[in-house]
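2 protein chains.
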Amino acid sequence: MSNNIFEQYLEQNQANYVALTPVSFLERAAFVYPNNTATINGDIRRSWREVFERCCKLASALNKRGINRGDTVSIIAPNISEHFEAHFAVPMSGAVLNSINTRLDAEAIAFILAHAQSKVLITDKEFSAVVKKAVRMLPTPPLVIDINDPYYTEGELIGSLSYDELLAEGDSDVEYFKPSDEWDAITLNYTSGTTGDPKGVVYHYRGAYLNAVSNMMSWGMTDHPVYLWTLPMFHCNGWCFPWTIAATAGTSVSLRHVRAEPIFELIKTEKVGYFCGAPIVLNMLNGVDVSLKSDINHTVKVMTAGAPPPAAVIEGMEASGFKVTHVYGLTETYGPSVVCAWHDEWNEKNSEQQAKLKSRQGVRSPMLDQLMVANPDTLEPVPQDGSTIGEIFMRGNLVMKGYLKNPSTTQAAFKGGWLHSGDLAVWHSDGYVEIKDRSKDVIISGGENISSVEVEDVLYRYPKIQEVAVVAKPDKKWGETPCAFVTPIPGSDITQNEIIRFCRDNMAHFKVPKTIVFGDLPKTSTGKVQKFLLRQRAIDLT
Amino acid sequence: MSNNIFEQYLEQNQANYVALTPVSFLERAAFVYPNNTATINGDIRRSWREVFERCCKLASALNKRGINRGDTVSIIAPNISEHFEAHFAVPMSGAVLNSINTRLDAEAIAFILAHAQSKVLITDKEFSAVVKKAVRMLPTPPLVIDINDPYYTEGELIGSLSYDELLAEGDSDVEYFKPSDEWDAITLNYTSGTTGDPKGVVYHYRGAYLNAVSNMMSWGMTDHPVYLWTLPMFHCNGWCFPWTIAATAGTSVSLRHVRAEPIFELIKTEKVGYFCGAPIVLNMLNGVDVSLKSDINHTVKVMTAGAPPPAAVIEGMEASGFKVTHVYGLTETYGPSVVCAWHDEWNEKNSEQQAKLKSRQGVRSPMLDQLMVANPDTLEPVPQDGSTIGEIFMRGNLVMKGYLKNPSTTQAAFKGGWLHSGDLAVWHSDGYVEIKDRSKDVIISGGENISSVEVEDVLYRYPKIQEVAVVAKPDKKWGETPCAFVTPIPGSDITQNEIIRFCRDNMAHFKVPKTIVFGDLPKTSTGKVQKFLLRQRAIDLT
Chain A
34 MSNNIFEQYL EQNQANYVAL TPVSFLERAA FVYPNNTATI NGDIRRSWRE VFERCCKLAS
94 ALNKRGINRG DTVSIIAPNI SEHFEAHFAV PMSGAVLNSI NTRLDAEAIA FILAHAQSKV
154 LITDKEFSAV VKKAVRMLPT PPLVIDINDP YYTEGELIGS LSYDELLAEG DSDVEYFKPS
214 DEWDAITLNY TSGTTGDPKG VVYHYRGAYL NAVSNMMSWG MTDHPVYLWT LPMFHCNGWC
274 FPWTIAATAG TSVSLRHVRA EPIFELIKTE KVGYFCGAPI VLNMLNGVDV SLKSDINHTV
334 KVMTAGAPPP AAVIEGMEAS GFKVTHVYGL TETYGPSVVC AWHDEWNEKN SEQQAKLKSR
394 QGVRSPMLDQ LMVANPDTLE PVPQDGSTIG EIFMRGNLVM KGYLKNPSTT QAAFKGGWLH
454 SGDLAVWHSD GYVEIKDRSK DVIISGGENI SSVEVEDVLY RYPKIQEVAV VAKPDKKWGE
514 TPCAFVTPIP GSDITQNEII RFCRDNMAHF KVPKTIVFGD LPKTSTGKVQ KFLLRQRAID
574 LT
Chain B
34 MSNNIFEQYL EQNQANYVAL TPVSFLERAA FVYPNNTATI NGDIRRSWRE VFERCCKLAS
94 ALNKRGINRG DTVSIIAPNI SEHFEAHFAV PMSGAVLNSI NTRLDAEAIA FILAHAQSKV
154 LITDKEFSAV VKKAVRMLPT PPLVIDINDP YYTEGELIGS LSYDELLAEG DSDVEYFKPS
214 DEWDAITLNY TSGTTGDPKG VVYHYRGAYL NAVSNMMSWG MTDHPVYLWT LPMFHCNGWC
274 FPWTIAATAG TSVSLRHVRA EPIFELIKTE KVGYFCGAPI VLNMLNGVDV SLKSDINHTV
334 KVMTAGAPPP AAVIEGMEAS GFKVTHVYGL TETYGPSVVC AWHDEWNEKN SEQQAKLKSR
394 QGVRSPMLDQ LMVANPDTLE PVPQDGSTIG EIFMRGNLVM KGYLKNPSTT QAAFKGGWLH
454 SGDLAVWHSD GYVEIKDRSK DVIISGGENI SSVEVEDVLY RYPKIQEVAV VAKPDKKWGE
514 TPCAFVTPIP GSDITQNEII RFCRDNMAHF KVPKTIVFGD LPKTSTGKVQ KFLLRQRAID
574 LT
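Read top to bottom, the protein sequences are chains A and B. For the first sequence, the numbering used here assigns the number 34 to the initial residue and increments by one for each residue that follows. For the second sequence, the numbering used here assigns the number 34 to the initial residue and increments by one for each residue that follows.
For reference, chain A alone in the conformation it holds in the complex (with noise of 0.2 Å):
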């Protein structure tokens, strides 16, 4: 036996240690307000109760099929109640939630089925052509489930049975899974890479939970958040919400597709308080006519992540009373680990200089342990000068267990004893990180770096710009130039002498684009710039 008194007979046991785990908090939510709205979709409203209820009979569903810890069910379906309902019932029943984003082809759906090795796949109509063809590459298909939404009339059912007929074949009464080991694994997010085959990457119980409550804290949410889903469900699930939503006996609104109207109408009609959305989401928003957004008597939070966002489309959001928090993080992080948060002496400066600060990507969010920009050879910080790049780096209870069947590439992204972000940073004497770049995104200008980021963010100020991106274009002299590639604002007449003398007039002339390309800018289906398009176009262009 250990000398250390406080070691001695204070074992761990049934009373005072349970695995944590996300789905206690729908459990409680159930429980304390049973009544309350827990989901809507049009006139589809639920309870706390029911959902509760549904969730326990799906996972009953799914082990009376086979189903259990260790397999996964995969789910392709737009931000509805069903969606977020999976969230719960699959971890439920013990297996791992897959959710595959929607955007992707045929291809890459059988290739993360198949790597998966998914034994459920929960569709929607609204997929069920692509769906339909990545299913039949398949040597193992999976079960095919079709979610009917009497809201989408398109498509059509290409499943063994509906979502109904499956919820009906189970019980609401018996005894769900709960993990015994907070390190199971929760879920399993395929990361839409821009080059290779997608990797997998395995949430945990402990991370799911530590999350949805970091980003209360995070947010400042209290209890009862009406919760607007403008953010795929997809997306590092729903960057954990699904789970904070629980946690706050809060409203999940449905939203099919991210469009102006729908959302301005939600958030006048459900009184909605929170969204979260890319910074081209806020862009979109802040492009409608300002009659969409009249009436809003409330106040309404937004969370942006996914890109850095340019400082006039925080400035814009703000103008129109939306409360901006800028988050970032990486699938790897269970979305974003990283908050700009706020500082109330930061009120008194003028809105530009807000918004400058608030495009910086933070300080580590409440939950995760330590974040650092260092040197990615020797893992030494760099001095917080707002000078000196590094690459980002995290370590803690919000980073992943790790990539499905991929150790070497586990390995190389934890050299070290941190997990590698890959995002070239600055980090500021207040201890704020800036990004600056992806680390191939960075370029080198005679001798010099010029983050491209920098040069979109001057370029988005230009009220003619609709969408920038900026790569490097090999150079004879320089090495590499900065080549734009814009796309102008609709019907505006815009010369590539105007945009370089915008340049010159606000940048440093070595960070000046020599290059400017006007036309529509390639995407991944997350809605991702493809800079590596773009690098190969700027090499054509030599």
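Among the hints, erroneous ones may be present.
Where chains are identical, the list cannot tell them apart; a pair therefore holds if satisfied intra-copy or between any two copies.
Stated by the list, open to error - Each computed BS3-like pair below joins lysine-lysine, with the alpha-carbon atoms no more than 25 Å apart:
(1) K509 to K473
(2) K556 to K438
(3) K356 to K211
(4) K334 to K389
(5) K497 to K473
(6) K561 to K391
(7) K448 to K211
(8) K304 to K382
(9) K382 to K334
(10) K391 to K497
(11) K158 to K391
If you are wondering where the hints come from, they were derived from the structure by calculation, not from laboratory data.
Place chain B on chain A using the hints.
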């Protein structure tokens, strides 16, 4: 290797797993909000950066003095900044913090210091007389450190050196202790049992971290609360609020003595938004002149626990504009682990109905796993009928490691895999628990159980009564009858007859006290009425 693909090559490592510790909240507050005010004691205001540096130094100084993991550091101090710091600094040295009830006598303090094997005792001048006596009783006295609060000029310095001198021995830049196992002990709190030797309740890092956050969730706390220390820090580590205040980067406002004038003064000058207190504290605040309460222009939230609050006390506070949250727990559950979670629809009820709903203990707090009212022999839950009495049981991560050096009592407390609370309650149809009595406080009259709390609750509504306690008095005919010990409002003319008449108008006749005794109530050092003494007096009356 496991057949489960989610267990292959996905081990814990330094990048994705860290033991939970509430010290991480201090570290973050100091990093993100270095200049925000962390502690206030009169004119002594320290920022989070300063508090963090002082804690680093204290931890380092303790290490230099040979204090390490497995050792105990005790403290006897009022609610001042040094006591707050000790909640971080002592764990940062690896040692376990033992905060001792300041109202204990020398014998009890000596017992605790010996039982806890304390190597260091941090003490405050206010308690110098009793502490000097206690230390003299010990064969191997601890190193005694004096807090020399300039705002307290009485008492004497009795230690080997002062707190600030000890601090000066430490370095702020050495690595402090972080637990590798979150099951490690962080603090040790002795229960002030009404009989027998005090028991040492051991808290683990995991529970301290989770309860700090669960507090936020229960209370709807967001960042930067200003928290006033009306609740003793020696009570379940101030119910874990030192860590909650760090997690929210709030401000900890010292309060040496719980008196109405400084409380209202600090609410106004420091804009205090939150404080906790037993119902007796609320009762004291209700009793003061209205002029003291004027000029409070912000919301003040009050959390109350420690005894079932009479509905009249809650009603009084809310009438003065305070928002009361009622919570319940035990030293064994890190303080409150049950909360009377509010339902918005209850706002429609009148203030008396609201107070009655709020006087119930409630439901499990967000991070407690399970709560039930059950038969103590069979552990079978009682029906949720609002009338069947059972014992309250808890389980989950907010339950202690156990009692120090007391395996048999630990085993008994955890029998059947649940923590036995010893409190008797009914379970309402809405799932809310309401305490009827401590097991030993129930009165059995003519075969009927009478809840002493219920009778007291009625008596508290009588305007001339300041305090009341009801116990069983042996009776030849009925077995037992209720006997009420009453402290009248000073200067009021009150008779036994009018009290009995009021009772007959307001409760079943068999519950009406047959005996009324006027006088002061005997209390423990933590302010709990010592019913065992009253029971003895009642016996002596027969």
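My question is about K382 and K334: at a cut-off of 25 Å on alpha-carbon distance, are they close within one copy, between copies, both, or neither? within (20 Å within a copy, 31 Å between copies)
*Pop the pair K334 and K389 into one bin, within, between, both or neither, using alpha-carbon distances up to 25 Å.*
within (18 Å within a copy, 35 Å between copies)
If the cut is 25 Å between Cα atoms, do K497 and K473 qualify within a copy, between copies, both or neither? neither (28 Å within a copy, 79 Å between copies)
Using 25 Å as the alpha-carbon threshold, which applies to K356 and K211: within, between, both, or neither? Close neither inside one copy (37 Å) nor across copies (37 Å); limit 25 Å.
inquiry  = Reference check for the pair K158 and K391, CA-CA at most 25 Å: within, between, both, or neither?
reply    = neither (40 Å within a copy, 48 Å between copies)
*asked:* Treating 25 Å as the Cα threshold, decide for K509 and K473: within, between, both or neither.
replied: within (20 Å within a copy, 90 Å between copies)
Intra- versus inter-copy proximity for K391 and K561 (alpha-carbon distance at most 25 Å): within (21 Å within a copy, 50 Å between copies)
*Can you tell me if K391 and K497 fall within 25 Å by alpha carbon in one copy, between copies, both or neither?*
within (23 Å within a copy, 58 Å between copies)
**Prompt:** Is the C-alpha distance from K448 to K211 at most 25 Å within one copy, between copies, in both cases, or in neither?
**Reply:** between (32 Å within a copy, 22 Å between copies)
- Up to 25 Å CA-CA - K438 versus K556, copy category: Cα proximity of K556 and K438: none, with 28 Å in one copy and 64 Å across.
_At most 25 Å between CA atoms: does that hold for K304 and K382 within a copy, between copies, both, or neither?_
Between. Shortest inter-copy distance 24 Å satisfies the 25 Å Cα cut-off; intra-copy 30 Å does not.
In this structure, the hints that do not hold are numbers 2, 3, 5, 11, in rising order.
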